[in-house]
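We have chain A; now place chain B onto it with these hints.
Going line by line, the protein sequences match chains A and B. This note's numbering puts the first residue of the first sequence at 1, with every later residue one more than the last. This note's numbering puts the first residue of the second sequence at 1001, with every later residue one more than the last.
No lab work stands behind these hints: they were computed from the structure. For clarity, every value in this text was computed on a predicted model and none was experimentally measured. Check before you lean on any hint, since a few could be wrong.
As the list claims (entries may be wrong) - If you want a taste of the chain A side facing chain B, the calculated C-beta under 10 Å gives, among others:
#1 Thr269
#2 Met274
#3 Phe564
Claimed, not checked - Derived coverage of chain B by chain A (criterion: at least 3 residues anywhere in the stretch with Cβ under 8 Å from a Cβ of chain A; other residues may be distant):
#4 1088 to 1101
#5 1104 to 1113
#6 1116 to 1127
Glycine residues also receive a C-beta, built at the ideal position from the N, C-alpha and C atoms.
One letter stands for each residue in the lines below.
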Amino acid sequence: MLTVFELALRSMRQNVKHYYLYFFALIFSMSLYFVFTSLQHDQAVLNMTHPSVDFTAGFQIAGVMLIVIVGIFTVSANGIFLRRRSREIGLYQLVGLSKGWVARYLMIENILLGLGALLAAIICGALISRLFVLILLNLLGLEGIVGISFSVPAAFKTSMVYLLIIVITSIQMMLKVYRSTLLNLFQADKQPDLTKPPKAVASAIFALLGLALIGYGYELSGHINEQLFLNAPLVLGSIVAGTYLLFRVTIRRCFYRFRKRKDGHLGLTNSLSMAPLMHHTKANANSLTLITVLSAMAITLISMAYSFYYSVEQETRHDFPDDFMFENEPQEALSFKMELEKEGIDVNHHVVQAVLTMGIILDPNDESRKVEESLLWLPAEQLKQTGADLNVPPDGEAILYNAGASLAGDLDEQSKRYPTEIVLEQHGQTVMYTLRTVMERNIMNLNAPGSQLLVSEATMDKIAVQMADTPGYKIIRFDTFQVPDKEELAIASSLYAKSVSDELLYYFYAQYKEVLQTTGLLIFIAAFLGLVFLISTGSILYFKQMTEAEQEKQSFKTLRQLGFDVDMIMKGIIRKQAIVFLLPLSIGMLHSIFAIKAASFMIRSDTMFPASIVMAIYTVIYFVFALFTIGYYRNIVKNAMS
Amino acid sequence: MDQLNVGETVLQARNVHKTFGTKGNAQHVLKGIDLRVTRSEFVGIMGPSGSGKTTLLNVLATIDHTTDGTVLIDDADISKLSNTALSAFRRNKLGFIFQDYNLLDTLTVKENILLPISLSKMSKRKAESEFTAIADVFDIKALSHKYPHEISGGQKQRTAAGRALIHQPSIVFADEPTGALDSKSASSLLDVMEKVNQQRGVTVVMVTHDPVASSYCSRVVFLRDGKIYSELYRGDKTRHAFFNEIMDVQAVLGGDHVDGF
Chain A
1 MLTVFELALR SMRQNVKHYY LYFFALIFSM SLYFVFTSLQ HDQAVLNMTH PSVDFTAGFQ
61 IAGVMLIVIV GIFTVSANGI FLRRRSREIG LYQLVGLSKG WVARYLMIEN ILLGLGALLA
121 AIICGALISR LFVLILLNLL GLEGIVGISF SVPAAFKTSM VYLLIIVITS IQMMLKVYRS
181 TLLNLFQADK QPDLTKPPKA VASAIFALLG LALIGYGYEL SGHINEQLFL NAPLVLGSIV
241 AGTYLLFRVT IRRCFYRFRK RKDGHLGLTN SLSMAPLMHH TKANANSLTL ITVLSAMAIT
301 LISMAYSFYY SVEQETRHDF PDDFMFENEP QEALSFKMEL EKEGIDVNHH VVQAVLTMGI
361 ILDPNDESRK VEESLLWLPA EQLKQTGADL NVPPDGEAIL YNAGASLAGD LDEQSKRYPT
421 EIVLEQHGQT VMYTLRTVME RNIMNLNAPG SQLLVSEATM DKIAVQMADT PGYKIIRFDT
481 FQVPDKEELA IASSLYAKSV SDELLYYFYA QYKEVLQTTG LLIFIAAFLG LVFLISTGSI
541 LYFKQMTEAE QEKQSFKTLR QLGFDVDMIM KGIIRKQAIV FLLPLSIGML HSIFAIKAAS
601 FMIRSDTMFP ASIVMAIYTV IYFVFALFTI GYYRNIVKNA MS
Chain B
1001 MDQLNVGETV LQARNVHKTF GTKGNAQHVL KGIDLRVTRS EFVGIMGPSG SGKTTLLNVL
1061 ATIDHTTDGT VLIDDADISK LSNTALSAFR RNKLGFIFQD YNLLDTLTVK ENILLPISLS
1121 KMSKRKAESE FTAIADVFDI KALSHKYPHE ISGGQKQRTA AGRALIHQPS IVFADEPTGA
1181 LDSKSASSLL DVMEKVNQQR GVTVVMVTHD PVASSYCSRV VFLRDGKIYS ELYRGDKTRH
1241 AFFNEIMDVQ AVLGGDHVDG F
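This is chain A alone, in the form it adopts within the complex:
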């Protein structure tokens, strides 16, 4: 046993230059897992945050996703390492060591390596968790210093994840050792897959099917919210399958046809990019699909989280156009105003008189739908004085203000309903008003009663006369307050919270803070998960290319001997890396664009800007990975002759 142990140690030392990125990625994701579980168990952080924001669940979900990613990453990386070491594995067996010995040897090495990663991860995690808390509090808009103590349950959970990884990779190693014959261990480098010409008809059908599946997925994603639970898995399934076919068949077919047309006159650059890519189509199809889908998911996740976070203020403003609002409480409003003035806070106070009635908004597409609801008629002229951004509708016409409109379905679809009619019943007689259109925001704070209808003051007065004494009729006096200065708003908000006895407080600042914390948590988790996704996928690409570079060493040597210099060869390699990195990145981005568009019904603000920033960052990091890979290749080509 000792000799196996020693040998494993020695081999680790030799392999360390191949392992360091694997090691780094593993430590990074495991320390992140440790930090997330620590935060989940930390009482100090929980106490500081809004009670309605579920931090524990957020970190739990993030932890599960991390485990999935770490699992996928280690299995892929381990597969690549095993493939590159298959000759070594074969050699041990050739000199007479048993399969059991080889498996044990690999597993010891793996366990030691994993143990190192585990220790490093827990130490790093403990050290950086403070930094993470600071980042998190900053994102949440909270101030204060939180000391986070070393979390034993987090360390325990991290060890469990490590154990899981060891079990999975050990199974993988045993399968490799016991399942492969000596012959295929020795020919692992040379085994090409799919160099045979694709079967014309079948491949044409599958090539088109790949594109069709992706197109179908994109098309369906456009109205995903119609039947979310049916469509979402359908979209995901068709896009994943389509992407796989794209890499396995469509792109290969394009390459094949291009190559066939060249009829042997391929040229050096294509010989070094297209040919090796075709040589490994099958293995590449698997990893490229995985990487594309993971990238798409990560970009979508971060973009959405960032969009939410980025638009908190705007979104909250849509729901709460005024900072504070009093409904039929002129006394309280007045004393609140005096309190503000006592504190020296600048405030704009306005009074708006509105009318509440019952009525029916007709749906021209669905004549049977006649639901009586509360309608709040708001005078445009008075609101305009409060500084609201609006146009006074012509007499007899109304505009519906509804911040939640897009949640009820596709806005374009909804707008077909307008203009429509509003029917008011008054002592047996009916009166009709035209409803011109819907605006996707509120004109009064969310907690004002009834559907908000903006009309001219004259129209409102007319309705007040017509509908007087009908059931549900009410005249409401709103006192609205705007505090222009942000810091004063915080003080004003605490005064407001004190002055109003109501348990359920709805006002701008409270809502803003709550949403900010939820989305802050979301962006915190999404950004770090995304980073783990990115580092794992980038590393897998790097490992794969590193292995391929070593397999192609002899080719580079031959080419150098034939008189092609390093720069000529590098041109082909750079093209290959461009394809290898750009394909998953660009297709992943395209997927995520459609995914973001599909998910944007959840968000009213523009997702373009946050999404493009996320994509730009993603591209830059991929570019760095590509540069690393090219650097690795250059080294191999340079030293190929010696």
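Relative to chain A, chain B alone:
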């Protein structure tokens, strides 16, 4: 073909030395080699293991630098060329055949053969006709679209030979080209090489330890301990007679079993 050029010097090595390792632990492999190869010659280099055959070939073929002495190919002093110029020189003027073929696994037979002219400005039509001519000579036309792993060793080596000739180099260097082949494949390769040498006037320098292979040459140079031991010219002798002569020298040299020290 180009009868006028026969007798013209293609390669000239003067007092070539090669030392490996550092001072104190230096290994003097080539100890002053003088060699002249004329156009359309088919020169074999023989000698026991460790005599410096492959080192000499590498030095002549610009793959390795000399420690001392000069090598001229087509009147160009290759020891004075920069690495970039050397690459261009190899690409344009030299052809290579290796013992283990060194075909690119990812390329078809045709793509492998056309590789050396992939960066030249040759038109596709010209390249195509060159390829057809070469593929006919080596009888690999039918294999054009096959990959190396789909063909036999002999076919691979004929492909490699085709690749060495496609750009009409001044000299083809062959390092144990038959080393990995069975005797039948070996003789069919050598037959074609001899034919190419005679009909196209291609100059060939071949390192081999196989007397049968060297019996195809027009001249055989024997190395021993880093120096030229003797030379044999085939002249008008039959291949069989030449083979016997080679065997005699080998017997004196100690064959392949003596390592030269």
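Going through the hints against the structure:
1. Taken as an interface hint, Thr269 of chain A checks out: its beta carbon lies about 8 Å from the nearest beta carbon of chain B, inside 10 Å.
2. Below 10 Å, beta-carbon pairs count as interface contacts, and Met274 of chain A has one with chain B at about 9 Å; its hint therefore holds.
3. Taken as an interface hint, Phe564 of chain A checks out: its beta carbon lies about 7 Å from the nearest beta carbon of chain B, inside 10 Å.
4. Proximity of the segment 1088 to 1101 of chain B to chain A, defined as three or more residues with a beta carbon under 8 Å from a beta carbon of that chain, is established by the 8 residues found.
5. For the segment 1104 to 1113 of chain B, the proposed coverage by chain A is satisfied: 8 residues have a C-beta within less than 8 Å of a C-beta in that chain, meeting the threshold of three.
6. By the rule of at least three residues with a Cβ nearer than 8 Å to a Cβ of chain A, the coverage given for the segment 1116 to 1127 of chain B holds, with 5 such residues.
Hint check: no violations occur; every hint is consistent with the structure.
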